[in-house]
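*Asks:* Protein sequences, first through last, are from chains A and B. Letter by letter, the first sequence follows residues 1 to 383 in this note's numbering. Letter by letter, the second sequence follows residues 1 to 469 in this note's numbering.
One thing to keep in mind: the hints can contain errors.
What the hints assert, rightly or not - Derived list of chain A stretches under chain B, where covered just means 3 residues or more per stretch with a C-beta under 8 Å from a C-beta of chain B:
#1 37-45
#2 203-214
#3 229-236
#4 322-332
#5 346-353
#6 360-372
To be verified - So the derived label-pair ranges between C-beta atoms look like this:
#7 B:Arg272 / A:Pro40: 27 to 33 Å
#8 B:Phe67 / A:Ala133: 54 to 60 Å
#9 B:Thr82 / A:Asn286: 54 to 60 Å
#10 A:Ala30 / B:Ser373: 23 to 29 Å
#11 B:Ala47 / A:Val338: 40 to 46 Å
#12 B:Ser373 / A:Pro134: 54 to 60 Å
#13 A:Ala378 / B:Arg383: 30 to 36 Å
#14 A:Glu215 / B:Pro75: 33 to 39 Å
#15 B:Arg383 / A:Leu371: 32 to 38 Å
#16 A:Val55 / B:Arg272: 36 to 42 Å
#17 B:Val34 / A:Glu239: 21 to 27 Å
#18 A:Phe64 / B:Gly375: 52 to 58 Å
#19 B:Val266 / A:Glu215: 33 to 39 Å
Please keep in mind that the hints were generated in silico from the structure rather than gathered at the bench. Just so it is clear, CB atoms sit at the ideal spot from N, CA and C, and this is done for glycine as well.
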Amino acid sequence: MNVATDAVRFVRAEPVAAAPPPTLTRGPVAWIRENLFAGPVNTVLTLIALYIVIVTVPPVMKFFFIDAVWSGSNRDACRPEVLGRPVGACWAYVIDKINYFVYGSYPISERWRVNAFFVLLALGLGWLLWLDAPRRSLGAIYFFVVFPLLAYLLLSGSHFLGLEPVPTSLWGGILVTVIVSLVGIVFSLPFGVVLALGRRSRLPIIRFFSVVFIEFVRGVPLITVLFMANTMLPLFLPEGTTVDRLVRPLVGVALFASAYMAEVVRGGLQAIPKGQYEGAMSLGLNYWQMMCFIILPQALRIVIPGIVNTFIGLFKDTTLVAIVGIFDLIRTVEASRVDPNWAAPTINTTGYAFAGIFYFLCCWGMSRYSLAVERRLAAGQRR
Amino acid sequence: MPTEAGAQAPARGSLAYDPRVRAAVYQIVLVLLVTFLIYEAATNAIANLRAAKIASGFGFLEVTSGFDISQTLVPYSAAASTYGDAFLVGLLNTLLVAAIGIVLATVLGFIVGLARLSRNWVVAKLATVYVEVIRNLPLLLQLLFWYNAVLAPLPAPRESLRIYGVTLGAPGMFASLVVLVGLAAAYLLWRATERLARSPLERTLGKIAATIIGVLAGFVLLFRSGLLEATEGGIGFLNNRGLFLPKPLFGEGAWLVPAALAVGLVGAVAFRVWAKRRQEATGEQYPVGLVAFGLIAGLPALAWVATALVAGNPISFEIPQQQRFNLRGGLQVLPEFVALLVGLVTYTAGFIAEVVRAGILAVSRGQTEAAASLGLRPGQILRLVVVPQAMRVIIPPLTSQYLNLTKNSSLAVAIGYPDLVQVFMGTVLNQTGQAVEVVAITMAVYLTISLITSAFMNYYNSRMAIVER
Numbered sequence: 001m002n003v004a005t006d007a008v009r010f011v012r013a014e015p016v017a018a019a020p021p022p023t024l025t026r027g028p029v030a031w032i033r034e035n036l037f038a039g040p041v042n043t044v045l046t047l048i049a050l051y052i053v054i055v056t057v058p059p060v061m062k063f064f065f066i067d068a069v070w071s072g073s074n075r076d077a078c079r080p081e082v083l084g085r086p087v088g089a090c091w092a093y094v095i096d097k098i099n100y101f102v103y104g105s106y107p108i109s110e111r112w113r114v115n116a117f118f119v120l121l122a123l124g125l126g127w128l129l130w131l132d133a134p135r136r137s138l139g140a141i142y143f144f145v146v147f148p149l150l151a152y153l154l155l156s157g158s159h160f161l162g163l164e165p166v167p168t169s170l171w172g173g174i175l176v177t178v179i180v181s182l183v184g185i186v187f188s189l190p191f192g193v194v195l196a197l198g199r200r201s202r203l204p205i206i207r208f209f210s211v212v213f214i215e216f217v218r219g220v221p222l223i224t225v226l227f228m229a230n231t232m233l234p235l236f237l238p239e240g241t242t243v244d245r246l247v248r249p250l251v252g253v254a255l256f257a258s259a260y261m262a263e264v265v266r267g268g269l270q271a272i273p274k275g276q277y278e279g280a281m282s283l284g285l286n287y288w289q290m291m292c293f294i295i296l297p298q299a300l301r302i303v304i305p306g307i308v309n310t311f312i313g314l315f316k317d318t319t320l321v322a323i324v325g326i327f328d329l330i331r332t333v334e335a336s337r338v339d340p341n342w343a344a345p346t347i348n349t350t351g352y353a354f355a356g357i358f359y360f361l362c363c364w365g366m367s368r369y370s371l372a373v374e375r376r377l378a379a380g381q382r383r
Numbered sequence: 001m002p003t004e005a006g007a008q009a010p011a012r013g014s015l016a017y018d019p020r021v022r023a024a025v026y027q028i029v030l031v032l033l034v035t036f037l038i039y040e041a042a043t044n045a046i047a048n049l050r051a052a053k054i055a056s057g058f059g060f061l062e063v064t065s066g067f068d069i070s071q072t073l074v075p076y077s078a079a080a081s082t083y084g085d086a087f088l089v090g091l092l093n094t095l096l097v098a099a100i101g102i103v104l105a106t107v108l109g110f111i112v113g114l115a116r117l118s119r120n121w122v123v124a125k126l127a128t129v130y131v132e133v134i135r136n137l138p139l140l141l142q143l144l145f146w147y148n149a150v151l152a153p154l155p156a157p158r159e160s161l162r163i164y165g166v167t168l169g170a171p172g173m174f175a176s177l178v179v180l181v182g183l184a185a186a187y188l189l190w191r192a193t194e195r196l197a198r199s200p201l202e203r204t205l206g207k208i209a210a211t212i213i214g215v216l217a218g219f220v221l222l223f224r225s226g227l228l229e230a231t232e233g234g235i236g237f238l239n240n241r242g243l244f245l246p247k248p249l250f251g252e253g254a255w256l257v258p259a260a261l262a263v264g265l266v267g268a269v270a271f272r273v274w275a276k277r278r279q280e281a282t283g284e285q286y287p288v289g290l291v292a293f294g295l296i297a298g299l300p301a302l303a304w305v306a307t308a309l310v311a312g313n314p315i316s317f318e319i320p321q322q323q324r325f326n327l328r329g330g331l332q333v334l335p336e337f338v339a340l341l342v343g344l345v346t347y348t349a350g351f352i353a354e355v356v357r358a359g360i361l362a363v364s365r366g367q368t369e370a371a372a373s374l375g376l377r378p379g380q381i382l383r384l385v386v387v388p389q390a391m392r393v394i395i396p397p398l399t400s401q402y403l404n405l406t407k408n409s410s411l412a413v414a415i416g417y418p419d420l421v422q423v424f425m426g427t428v429l430n431q432t433g434q435a436v437e438v439v440a441i442t443m444a445v446y447l448t449i450s451l452i453t454s455a456f457m458n459y460y461n462s463r464m465a466i467v468e469r
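Build the full structure now, drawing on both the sequences and the hints.
*Replies:* Below, the structure written as structure tokens:
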């Protein structure tokens, strides 16, 4: 109709450059809007949380790093009036005391034995924890049988082997913390399995004793069990026999951990379908064959996270032996923080911070490991 | 055990493979073993005790104790009280810290648990860091930290940190009327903004504004009426001798206020039951929360005002006075108690937070969506669909956390708070040497607490279990 239309005809030869997505629905701005300022309540929450972060994080950073003192040989290094500036963590004190924190009063000339113990321990742990390691069953035998014997001979020594005997009263620090946890772990797993089997047993008297033991131990605080082991164990043994001061809490910790482990294992046993039991029985396996070859391997695999959680709890609970007079890490920190040579305002906090970092790394590492194992096991179950 | 049965095998071979015989043999062996162990332990203990010339039996509970305890909830003195009294003091101290700790840990734990689930990134991460740090550090270390690194370096009484606040004064007739009018005005303001608002945003902002105005107006009115009194030097003090708080003094007719509270609680529960039945029968809904709040908060307030008008102020507060070297009057809370409470609450809250999180995650998304498709509002979805189902998952582990808190309160012995373990297993055991009796009594107490708790849990589980067809 209109001739002029031809003249203004326009055909685009190349596509228009894509417009950037609207900033309000994509990208960091939108993310912030959606996650932090979605509504009035959300905004208020964000502001409160940011306030908490601002109040807590800079002082902690200042304490740990900026104002920290890294070198020095006595209290003057960490006194604000000497330094003329605010003083944060006094790491010089930790560096000065580190041997005490690790070995306790273990004789200096014999400390290589403790180091060898740590190496043997690392070997056993690595063997057991690395899931693709070769011959893991051998690793289990090493960790649960060979290693404890070696460790005992190495640490307490004997003239027969040419190692100077070291009384347990000299052991201390991280060494004792590790020993108490290890004894708990090494004893609690087999005892826990036996107790769990006892609780699931068809035999009424065996079930009764297992239930009474488990519920009794789980019903009282660990500290009372430790007090009991400390005061009553010597009473119950024939006159004249003395129990080593370190062994008493070890017995308490082992009993305590077994009861908790038993409940975890019982959860696994209950999760195994009845068909597995019936299948094993129909193959003609007896009770122990059924348990060892069919039920326990599956049950223990299910409860690995629970077992690791119990270990984490046990590791934290080992600090309680400090209350009954054993020189574990906490007790060495307590003993060294009142050293007049290191009398400075931030020594208490520094000592606790050091112990806190140690425990945090161990427990956090264990829980990360358990998560990884859980994911790996879940991968096999996924359909 | 199998070999024992096997020893008789040649004559009665089939008997050794009879499961009933085997079961009997196993169990008899176990019984014999346990009996033997107990017998050995008992005879050894008796011989050892005789050799050490330590008395046995529970007669020591009647003997004068002769030591002081720093915090006593019941009258106690070193000269006149017995070991039995010391036991009672320790038990009450344990129950006190456990009860307060459970309440505070629940509040903090729910806040942190919900915060971890928040869609707000900063809030969620902050809660995660809290939970990870708290759960991965030993409680004993945390207690020692609070006691030796936080509370011990606090200033001396002269330079106490002050807590500012207000205390309750005596209300008059006119003043009470003014307060009531003020509250009514705030409520009307709330309703008006709710009705006039055109969008959700306006409504929320309006509600916030009304609340702020209401609270401010309420405070002004309260001060003008004399119901609240501001104190100039602060009402509480925190120093290296502990926490000093106002001490309530109960006058004539003070019992009416807790009595009214009890009546209000019973009334609120009764109303809830009635409203639920009514809703199930007719579908009518009643404002249960509002009525319950009115009964629980309103009745005691009414009782207080009425008593004040008739007989004078029933409850007044004694404020600690700062003096040259110490504080006088008020309610002194030991630093050991503060450290233990803070440590227990922050530690247990980390675990409760995880329980709460797991419970809420256990309610599947489909439930929320189904409720929304029925036309329920978000608040209703949370209240009627999510929370009841989450509680079924939360309550059992929550109860065991409460039990853990109670058992963990025994760590008080490390910082010197006079709880059951510190007083009884520590001092009394050392003075009398009667280890068997003391340990048995202490363990019996904790066992009783834990058995009562598990009995409650079983009752709750049987009530809440899903009824399947």
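*Asks:* Do the Cβ positions of valine 266 (chain B) and glutamate 215 (chain A) conform to the proposed distance bound of 33 to 39 Å?
*Replies:* 35 Å, holds
*Asks:* At a Cβ distance under 8 Å, does chain B reach at least three residues of the region 37-45 of chain A?
*Replies:* holds (count 6)
*Asks:* Does the hinted range 33 to 39 Å hold for glutamate 215 (chain A) and proline 75 (chain B) at CB?
*Replies:* About 36 Å separates the Cβ atoms of glutamate 215 (chain A) and proline 75 (chain B), which means 33 to 39 Å holds.
*Asks:* Is 32 to 38 Å a correct range for the gap between the Cβ atoms of arginine 383 (chain B) and leucine 371 (chain A)?
*Replies:* 34 Å, holds
*Asks:* For the range 23 to 29 Å, tell me whether the beta carbons of alanine 30 (chain A) and serine 373 (chain B) fit it or not.
*Replies:* 28 Å, holds
*Asks:* Kindly confirm whether 54 to 60 Å is satisfied by the beta carbon distance between serine 373 (chain B) and proline 134 (chain A).
*Replies:* The hinted range 54 to 60 Å holds for serine 373 (chain B) and proline 134 (chain A), with Cβ atoms some 56 Å apart.
*Asks:* Are three or more residues of the region 229-236 of chain A within 8 Å, CB to CB, of chain B?
*Replies:* That given contact holds, which follows from 5 residues of the region 229-236 of chain A lying within Cβ reach (below 8 Å) of chain B.
*Asks:* Honestly, do valine 34 (chain B) and glutamate 239 (chain A) meet the 21 to 27 Å range at C-beta?
*Replies:* Holds, since valine 34 (chain B) and glutamate 239 (chain A) (Cβ atoms, about 23 Å apart) stay within the stated range.
*Asks:* Range hint 30 to 36 Å: satisfied by the CB atoms of alanine 378 (chain A) and arginine 383 (chain B)?
*Replies:* 34 Å, holds
*Asks:* Quick one: are arginine 272 (chain B) and proline 40 (chain A) within 27 to 33 Å, going by C-beta?
*Replies:* 31 Å, holds
*Asks:* Taking 40 to 46 Å as the stated bounds, is the beta-carbon spacing between alanine 47 (chain B) and valine 338 (chain A) within them?
*Replies:* 41 Å, holds
*Asks:* Closer than 8 Å Cβ to Cβ for three or more residues is the test here. Does the region 203-214 of chain A pass it with chain B?
*Replies:* holds (count 5)
Violated hints: none; the structure is consistent with every hint.
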